[in-house]
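**Student:** Letter by letter, the chains look like this.
There are 2 protein chains.
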Amino acid sequence: MAGALPVSPLAPKGGFPDLPVIDGVRFATIAAGIKYRGRADVMLAELASGTTIAGTFTRSRTRAAPVLDCQAKLGEASDGPAAILVNSGNANAFTGIKGVEAVQAVTAAVASETGVPQERVFTASTGVIGEPLPHERITTVISKLGSSLSPDGIADAAKAIMTTDTFPKGATRSVEIDGKTVSVAGIAKGSGMIAPDMATMLVYIFTDAKISFDLLQRYTADMCDATFNKITVDSDTSTSDTLLVAATGASGADIDQATVKGKAAFVRALHEVMLDLAHQVVRDGEGATKFVTIDVRSAKTKDDAQLVAFSIANSPLVKTAVAGEDPNWGRVVMAVGKSGAEADRDRLSIWFGDVEVARNGQVSPDYVEANAAAHMKGDEITIRVDLGLGDMGATVWTCDLTTQYIAINADYRS
Amino acid sequence: MAGALPVSPLAPKGGFPDLPVIDGVRFATIAAGIKYRGRADVMLAELASGTTIAGTFTRSRTRAAPVLDCQAKLGEASDGPAAILVNSGNANAFTGIKGVEAVQAVTAAVASETGVPQERVFTASTGVIGEPLPHERITTVISKLGSSLSPDGIADAAKAIMTTDTFPKGATRSVEIDGKTVSVAGIAKGSGMIAPDMATMLVYIFTDAKISFDLLQRYTADMCDATFNKITVDSDTSTSDTLLVAATGASGADIDQATVKGKAAFVRALHEVMLDLAHQVVRDGEGATKFVTIDVRSAKTKDDAQLVAFSIANSPLVKTAVAGEDPNWGRVVMAVGKSGAEADRDRLSIWFGDVEVARNGQVSPDYVEANAAAHMKGDEITIRVDLGLGDMGATVWTCDLTTQYIAINADYRS
Chain A
1 MAGALPVSPL
11 APKGGFPDLP
21 VIDGVRFATI
31 AAGIKYRGRA
41 DVMLAELASG
51 TTIAGTFTRS
61 RTRAAPVLDC
71 QAKLGEASDG
81 PAAILVNSGN
91 ANAFTGIKGV
101 EAVQAVTAAV
111 ASETGVPQER
121 VFTASTGVIG
131 EPLPHERITT
141 VISKLGSSLS
151 PDGIADAAKA
161 IMTTDTFPKG
171 ATRSVEIDGK
181 TVSVAGIAKG
191 SGMIAPDMAT
201 MLVYIFTDAK
211 ISFDLLQRYT
221 ADMCDATFNK
231 ITVDSDTSTS
241 DTLLVAATGA
251 SGADIDQATV
261 KGKAAFVRAL
271 HEVMLDLAHQ
281 VVRDGEGATK
291 FVTIDVRSAK
301 TKDDAQLVAF
311 SIANSPLVKT
321 AVAGEDPNWG
331 RVVMAVGKSG
341 AEADRDRLSI
351 WFGDVEVARN
361 GQVSPDYVEA
371 NAAAHMKGDE
381 ITIRVDLGLG
391 DMGATVWTCD
401 LTTQYIAINA
411 DYRS
Chain B
1 MAGALPVSPL
11 APKGGFPDLP
21 VIDGVRFATI
31 AAGIKYRGRA
41 DVMLAELASG
51 TTIAGTFTRS
61 RTRAAPVLDC
71 QAKLGEASDG
81 PAAILVNSGN
91 ANAFTGIKGV
101 EAVQAVTAAV
111 ASETGVPQER
121 VFTASTGVIG
131 EPLPHERITT
141 VISKLGSSLS
151 PDGIADAAKA
161 IMTTDTFPKG
171 ATRSVEIDGK
181 TVSVAGIAKG
191 SGMIAPDMAT
201 MLVYIFTDAK
211 ISFDLLQRYT
221 ADMCDATFNK
231 ITVDSDTSTS
241 DTLLVAATGA
251 SGADIDQATV
261 KGKAAFVRAL
271 HEVMLDLAHQ
281 VVRDGEGATK
291 FVTIDVRSAK
301 TKDDAQLVAF
311 SIANSPLVKT
321 AVAGEDPNWG
331 RVVMAVGKSG
341 AEADRDRLSI
351 WFGDVEVARN
361 GQVSPDYVEA
371 NAAAHMKGDE
381 ITIRVDLGLG
391 DMGATVWTCD
401 LTTQYIAINA
411 DYRS
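Here the protein sequences come in this chain order: A and B.
Heads up: the first sequence at position 87 corresponds to 87 in the numbering used here, and the numbers run straight through without jumps.
Heads up: the second sequence at position 31 corresponds to 31 in the numbering used here, and the numbers run straight through without jumps.
Chain A extracted, bound-state conformation:
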């Protein structure tokens, strides 16, 4: 399937960005023939001694074996050398004891090839659920992978982890922290089965900052919540979501010892890279033709704001209206009503872009549908809702629901 789909019309215009080399990280990719033919489907990242790694994972109750393995390994702080191996084409999920054995085999092979302790080898698998991972196809190519590691292979790595993605996803930011330059560079994959918690994605972010596991884990969890936990394509949550942030320390900039301003600069860079990648995942939402921002304001509580925002973002009727370029604000009202959040129909106001369509529970006095319809014709749609009840807000991002989504998903496996 991958490669057969046309590139999303919402793909970033400039193509894959120029990602900087992060000192202490080397990449390799290879075509192991796990499922796809004629393309790289395994990537290995090797991290130098001194690297701390933080992460967040799917909250699914049916987590895949690699996820459980990563979670167990992340539990203990360490800054020894490390490795990340990812395959596409098979999720190694719901594979029972065979799944555990596959993780064991792959991590042992990576450890043996790279000299990284096995408890610092992290894996992820993405693709079809329920079929045993043919792990020997990976272990037989490990030495080839190991011998081709290179500092500037990150763009190839972004391609190797794709499944139904129509473009590889990368983002970077650099900041000055107390006189030293710190770079953050990340890659991601994901386009369907995307919803909180965490959306269905694999995300790997590398930085040359020096930072303790505890602080990096806190920043990672917070920024993940503000970015990847605020997007949805189809409300479906994967069994395999994994986000890892690896900090090699090579820049010498020590975040734990940095000033408040220095810490803030690092967090901002991390946030921007994650938000950029999260938006790219939505832009590659299966069948997407519109990038939609849902902006909810004046809710009584933050939870209410988020409930309303996701209720709108996940509503098939709202998403199909967006696909049809129809400013059908009645469906927004419906989605607010069903959200479970406190809402008062007669205080509700709604905008499409800058066009106020409804105020205090009825159509705006000077509403002209042609204006809202004009906004809907663009490929960046904003739906703003003011609940008129309090001062809490939430913003989430999604895409429209098109016949192409159905076409992709009605026969993804075949």
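Hints in this document: simulated from the structure, not taken from any laboratory.
Backbone N, C-alpha and C define an ideal beta-carbon position, used for all residues, glycine too.
Wrong hints could be hidden among the right ones.
[Stated by the list, open to error] Each pair of labels, with its calculated beta carbon distance range:
(1) Gly75/B with Arg347/A: 22 to 30 Å
(2) Ala373/A with Thr301/B: 42 to 50 Å
(3) Pro9/B with Pro6/A: 25 to 33 Å
(4) Gly340/B with Gly75/A: 22 to 30 Å
(5) Asp152/A with Lys302/B: 50 to 58 Å
(6) Val7/B with Arg347/A: 38 to 46 Å
(7) Asp178/A with Lys302/B: 51 to 59 Å
Using the hints, position chain B against chain A.
**Tutor:** Here is chain B on its own, set in the frame of chain A:
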């Protein structure tokens, strides 16, 4: 839009059933030109003195004016004469004070024409949200409606309340209760914006049983929970859902005074009529080509069972797999995992029809995909999940998600 769509392939083979006359109920319909042209879009039901009326309604926080009016009126028990007026084409929802005035105008006109007290005139409106109801188009035809009331107009009434429905929906059961024959006959509309609570529907059920308001309300709420609250087409919940059960008492069978067996017979008839109508709504789900039963067993709690069942039933990835006739049980695993219910991956078993596809967290040892694929080719699909944790279960009904759903909803208003 209505009438333009081909009849659902899942429509009952026999067409609209022969519904019995319920003594004490008369119907009339008329083409008032509210939105549709060339078809009846208003129906009036008149109920004789002695009729008790129970009801359940959408739990949306943005309920439409007619819903709020009905709820207020149902609050007090009464068995005087009553009337129900329903229009299609406009939902009179999110219309502010104008919406309240429209309900006031219509109920006053019905009261004046029929002699029914205004506080016993119930209305419902279904169609586009947010546009003021042109209520004068209804009030000007009230006298024509009143003069054409007839005991056997229920089939026409079922047609008049349709919107994107592709077939009218009716069901009936008769039972002997303590030596007397009691008939129950109901009609419904609904095909999109269907989800609990209550699914997005209008349902009117008539019976000649004699029954107190309190008992009828209890039975109605319980049976609604077992039927209409167990279906979903698209997880979207309407602002206008209304179910009314009117009992004229004309049969002389007094349910309050009946034996336990007599009461049970009445409840069973009510349950069967509601279930029949609920299934017809799913069968007319927008774009549906498969009727899907989701059967969850061995959950720890009833709530968990229902969470899992609806998580599967509402998953776009499961629904598109069903559309593609793909026994993609990995997506069922995913939906169990994201449901929020307690689940243990390694105790989970899954069947498509009678074919066990997964047992205890991995593919079944003797699974042959061709067998599951054969089941998926039918138009009645069953997905059974055993959580292996307890003894509670839930069954819900849904349909597949097809490109036709998108086509219908991307331009419903235009």
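**Student:** What are the numbers of the hints the structure violates, in ascending order?
**Tutor:** none
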